[in-house]
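*Asks:* Here's the letter readout for the chains.
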Amino acid sequence: MITAVENWGIGRPDFYGDVIASIPTIQETQTAWKLQKAYTIALQSVETDTIYTVPEGHTLVFGGGSISVKDSCINKLQIFAPDSIIGDFMFDMAGNITQPLTNQTVTAGTDIIVYIYNNDTITSDFSLILSGVLNEVE
Amino acid sequence: MDTAEMNYRETVDSLNTASQIRFAPIGGIIRRVTISWPRGCNFLVEVLFNHKTVQFLPTPETGGTGTRGIALDNYTETLDPGWSVRIGDPIEMYLINHDGQYEHTISAIVNIKKEE
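Chains as they are written, first to last, in the working numbering: chain C, 8 to 145; chain U, 736 to 851.
Here chain U stands alone, though its shape is the one from the complex (with noise of 0.2 Å):
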């Protein structure tokens, strides 16, 4: 098996945060991460992701402790992180959401190519 996907959806209570962790099921490195935001979530619910404990995406700060995602809106985005991991590696989504009131639920596909 030369690719693999890794399907994640997680529902986030208002103003409190949510992750999924999958393990891979190949070696290799992370080409692809589909992230998905509903209609509705107003840039208010920022979504990570964290191989280990190492956060890969977004790439984080140089310096600093602070934890930041991307949120958007009503919209589906496709990242390259380029990111090396070995099969059985957990891969967590991680979800904050800044909501004050309405729930969200998020869905990503994270894409492993086995590369030399």
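So here's chain C without its partners, still in its complex pose (with noise of 0.2 Å):
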């Protein structure tokens, strides 16, 4: 009867039953925000480092980051606007800076400090990775 089928598009499974997420995006008021710093730090000492400073007109709200050394050894990384610690995070090697820094919101005109502690015995190398979103505000 049919000799060719019109392909008229792609359905699904029979019964599928899979719940399709909404993915965020970045809106027209929003901009992705990213930054990455490495740093050499000498043994038994503090890097101490004003990263950011979020400008007038936005809000910073952090999604996440990481931090690694070459040699192992427990480290911290605490980072810092003023008046609050937004995070204070130990690591060895690598880490994942999540909680509590995601979704902490950062005003404009605030700068934004970093504290890398190097606890080893020797002068290591750091890697710096943050991320967030950057609000246009009234």
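It should be emphasised that the hints constitute simulated quantities derived from the structure, not laboratory data. Fair warning: there could be bad hints in the mix.
As the list claims (entries may be wrong) - Simulated DEER-style distance windows between Cβ atoms:
1) 110/C <-> 808/U: 32 to 40 Å
2) 110/C <-> 778/U: 35 to 43 Å
3) 105/C <-> 803/U: 53 to 61 Å
4) 817/U <-> 13/C: 25 to 33 Å
5) 819/U <-> 13/C: 28 to 36 Å
6) 778/U <-> 115/C: 47 to 55 Å
7) 811/U <-> 13/C: 19 to 27 Å
8) 36/C <-> 748/U: 45 to 53 Å
9) 22/C <-> 817/U: 30 to 38 Å
10) 787/U <-> 16/C: 27 to 35 Å
11) 803/U <-> 22/C: 20 to 28 Å
12) 817/U <-> 16/C: 32 to 40 Å
13) 13/C <-> 787/U: 24 to 32 Å
14) 808/U <-> 112/C: 39 to 47 Å
Bear in mind the structure is a predicted one, so any value in this text is a computation, not a measurement. Cβ coordinates follow ideal geometry from the N, Cα and C atoms, glycine included.
Starting from two chains that each stand alone, build the complex the way the hints lay out.
*Replies:* Following this line, the structure appears as structure tokens:
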């Protein structure tokens, strides 16, 4: 009766039960924010660095990040904004920074400062990655 | 026997056709055709019914040569074609699957009522 069947599109398997989760997207008033910095930190010392200042008219909402070092030793990372500690993390060689950093908000004009503690007996190289969303605010 | 039900269930491959033929156990009027499309068909699977070589559901267009069925999704539809058949007549469920990826299985029931 019919020799060639037209392709009208793609359906789903019969009785499919999956739930299609919404995928978060960057809105017009938002900008994806990313930071990557490398540090060489002397033994038994702490590096202090103002990594970012939130621009006027914006807030920064942290998503997460990671820190790594090539030598094994339990070190510490603190992320600090005036009047609040955003996060305090211990790690050995590598650590994913999630709680309590995720969803922390930093207001306009605020400096974000990191303290990276090298507790090792040798100078080591550290790599820090942070990400988040910069929101325009009125 | 005043009424008879004929059960259909057929799987049609992606971008393919399939059919299933049943023979009327009694003569009478087709008073009810129930067709069920599982969720996932996404309005891509056409279903039509033929009596011998004549399409009776859905009602064929006037003129032209188009073959068009009913295509729904996650739904069971009941229709009354009011079509006369005789005992032993072939009644065919014909499927056209326009889904480019998935096969689908359609179920249907044809109910014949003996009427004078």
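*Asks:* Confirm or reject each hint.
*Replies:* Checked hints:
1. At roughly 38 Å, the beta-carbon separation of residue 110/C and residue 808/U lies within the given 32 to 40 Å, and the hint holds.
2. Here the CB-CB span from residue 110/C to residue 778/U is close to 40 Å, well matched to the stated 35 to 43 Å.
3. A beta carbon spacing of about 55 Å between residue 105/C and residue 803/U agrees with the range 53 to 61 Å that was offered as a hint.
4. For the pair residue 817/U and residue 13/C, the supplied restraint of 25 to 33 Å holds, since their beta-carbon distance comes to about 31 Å.
5. Evaluation of the 28 to 36 Å hint for residue 819/U and residue 13/C yields a pass: the beta carbon distance comes to about 33 Å.
6. Distance hint check: the CB atoms of residue 778/U and residue 115/C are about 50 Å apart, consistent with the given range 47 to 55 Å.
7. For residue 811/U and residue 13/C, the hinted distance range of 19 to 27 Å is satisfied, since their beta carbons lie about 25 Å from each other.
8. The hinted window of 45 to 53 Å between residue 36/C and residue 748/U holds, with their beta carbons roughly 48 Å apart.
9. Hint check: residue 22/C to residue 817/U, Cβ distance near 32 Å, so the stated range 30 to 38 Å holds.
10. Remark: the range hint 27 to 35 Å for residue 787/U to residue 16/C is upheld by a beta-carbon distance near 33 Å.
11. A hinted range of 20 to 28 Å for the beta carbons of residue 803/U and residue 22/C is consistent with their spacing of about 26 Å.
12. As the Cβ distance of residue 817/U to residue 16/C is approximately 33 Å, the hint placing it in 32 to 40 Å holds.
13. Residue 13/C and residue 787/U have their C-beta atoms about 26 Å apart, which keeps the hinted 24 to 32 Å range intact.
14. With their beta carbons about 43 Å apart, residue 808/U and residue 112/C fall inside the hinted range of 39 to 47 Å.
In this structure, every one of the numbered hints holds.
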